[in-house]
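Colleague: For reference, the chains in residue letters:
2 protein chains.
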Amino acid sequence: MSAPPLRVALLGCGTVGAAVARLLAERSELLADRAGRPLHLSGIVVRNLSGPRDLPAEQAGLLTDEPGALVDGADVVIELMGGIEPARELLLRAMRGGADVVTANKQLIARHGDELHAVAREHGVGLDYEAAVVAAVPVLRVVRESLAGDEITSISGIVNGSTNYVLDLVARTGVTFEEAVAKAGALGYLEADPTEDLEGIDAAAKIVILARTAWGVGVGFDDVHRTGISGLTDADFEQARGTGQVIKLIASAWRSGQARHPRVELAVRPVLLAQDHPFAQIREGGNAVVIEATSAGRVRIHGAGAGGEETASAVLGDLVALARRRPAQA
Amino acid sequence: MSAPPLRVALLGCGTVGAAVARLLAERSELLADRAGRPLHLSGIVVRNLSGPRDLPAEQAGLLTDEPGALVDGADVVIELMGGIEPARELLLRAMRGGADVVTANKQLIARHGDELHAVAREHGVGLDYEAAVVAAVPVLRVVRESLAGDEITSISGIVNGSTNYVLDLVARTGVTFEEAVAKAGALGYLEADPTEDLEGIDAAAKIVILARTAWGVGVGFDDVHRTGISGLTDADFEQARGTGQVIKLIASAWRSGQARHPRVELAVRPVLLAQDHPFAQIREGGNAVVIEATSAGRVRIHGAGAGGEETASAVLGDLVALARRRPAQA
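Chains G and C, in that order, are what the protein sequence lines are. Per this note's numbering, the very first residue in the first sequence carries number 894; after that it's consecutive. Per this note's numbering, the very first residue in the second sequence carries number 894; after that it's consecutive.
Extracted from the complex, chain G is given alone in its bound form:
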């Protein structure tokens, strides 16, 4: 292999970051084959150097709490810190310095996607974030590339695994809604503050990103008609059961108007579905998205929407795709 290694800087070393670091080591030869050049992890930025890390011994020396120099010397920067700042500033700095960037940060993309894309275009670098939307379900690439010659008319799906776990538990075991939320929390399906999941905020960020990708429209979080599942009562679930239906939290986006100048509606809300509806059959933390397009018809994608290793798979997919496109002499 004659191409020089690609210098990869990793920002963040939580569950997903540690999985990405480990897989870069474990699959180094496979990834070099796929990318056409070695992928060299040049450093891992953490907030607190003394915290415990789930890293192979040979990577422990890569930790740093000073991102600036690392970002400036990287060919690709992977951002897995979460939050808006300093993630936003670091990605802008990376792109202005000529680096491609990969992120799994859905709130950052939902809120600052326009700014980040403008800087990526200006500097001719890549900005990819498959992992930001339903992790290992490859829906962004399908929307952006596979259906690039088609007219997407709607996108809908179960895009939050935590709430689906809760709803599925109530529907299938008959525990109360309150018990199901408690169990999901105990199993780590819900954050300590479960508001983002239960109120549909996480799902709203994902459907915003999907809509922007599908139609290139400037929709934002405030455009989403949003109802979470926290207002559901046990009576709602009993009623659903009585009519042979199930309740699912569905995020949806649909186009009206012309393909080139679309108007887009966005919603996240609990929906009653018949038992044989494809979404009704999504169990536990599973995710599923249906894309409708004028020529392709209905394309359905189903998979793991969360998890450290699953999210890392999507991050590495973006990384290899960017490495392949990057001129070897850069």
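It is worth saying that the hints were derived from the structure and are not from the lab. All C-beta atoms, glycine included, are put in the ideal place defined by N, C-alpha and C. Among the hints, erroneous ones may be present.
[Unchecked claim] Estimated spans, in silico, between C-beta atoms of each pair:
| no. | chain 1 | residue 1 | chain 2 | residue 2 | range |
| --- | --- | --- | --- | --- | --- |
| 1 | C | R1014 | G | R940 | 40 to 48 Å |
| 2 | G | T1088 | C | R1191 | 23 to 31 Å |
| 3 | C | H1118 | G | P979 | 50 to 58 Å |
Fit chain C to the given chain G structure using the hints.
Modeller: Okay, now just chain C, sitting in the frame of chain G:
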């Protein structure tokens, strides 16, 4: 828009070719937006100039039966003629002349994929064929790009809509196998010579292409353990029904050995599945593929595996993706 138009040559004007030509006209502005430059259809090669064509009036003048000059002057050549020759020679000529190529020709890729890829690499051009494998189900791009950082361990699915139509009809309506084949033929689901579908030859070509894409291995058509559905009897269907199962024609590929030096097994055969198996629920001409990967887990994709417009969607997706990557000054 300042970039010069991309000159697109179309080889073949059957059902898929005519749909591609029509969509290039109908969506010209949308496609130009997406590709970053206009896509200019410079000619359509047909064998017989006097045959009837389902083309818009303004495209009738683009028909020619002399492919050579058209191919030599194109930036992208789309091959939808089918068959091995002259498709193979024309694509080799196009790539040697610096053109990217898109094809939906699964037999050509299954048999001559190595040669075509070698020439594409040598000349630094793109060679894409999403439409060759289950039409509008975007499985090749998911395998090649979304899962480029992962280790795929198996791929399986219902990849032939004609046989699924027959099997579904028998399972759900109780008609005999012979009647179902006759009905599928009458509805155009089967070719005049249905051998390619019924004997699993079409499915075998698709699983070969999927395996080569997933693992980069030199497997060919003869490596597929292949049993079609023509040997099934009404007694087989009665037995399945009696045990609450359904028969589906499943194509599968699975890896053994190491990720970098895999051994790959390939099979196409009728399989008995429980009613609640995801593949058991694929109706009529539907297609579905499940990809298992070490990190991503199970990714399932479902959609239309055939049809002129559906296949054209995949062709146009490849075309736009290639146009985006092509330097504007080329």
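Colleague: Taking 40 to 48 Å as the stated bounds, is the beta-carbon spacing between C:R1014 and G:R940 within them?
Modeller: holds, 44 Å
Colleague: Just to be sure I understand the hint, the distance between the Cβ atoms of C:H1118 and G:P979 should be within 50 to 58 Å; is that true here?
Modeller: With Cβ atoms ~55 Å apart, the hint holds.
Colleague: May I ask you to test the hint 23 to 31 Å on the CB atoms belonging to G:T1088 and C:R1191?
Modeller: Holds - the Cβ-Cβ distance for G:T1088 and C:R1191, about 30 Å, lies within 23 to 31 Å.
The earlier numbered hints are all upheld by this structure, with none contradicted.
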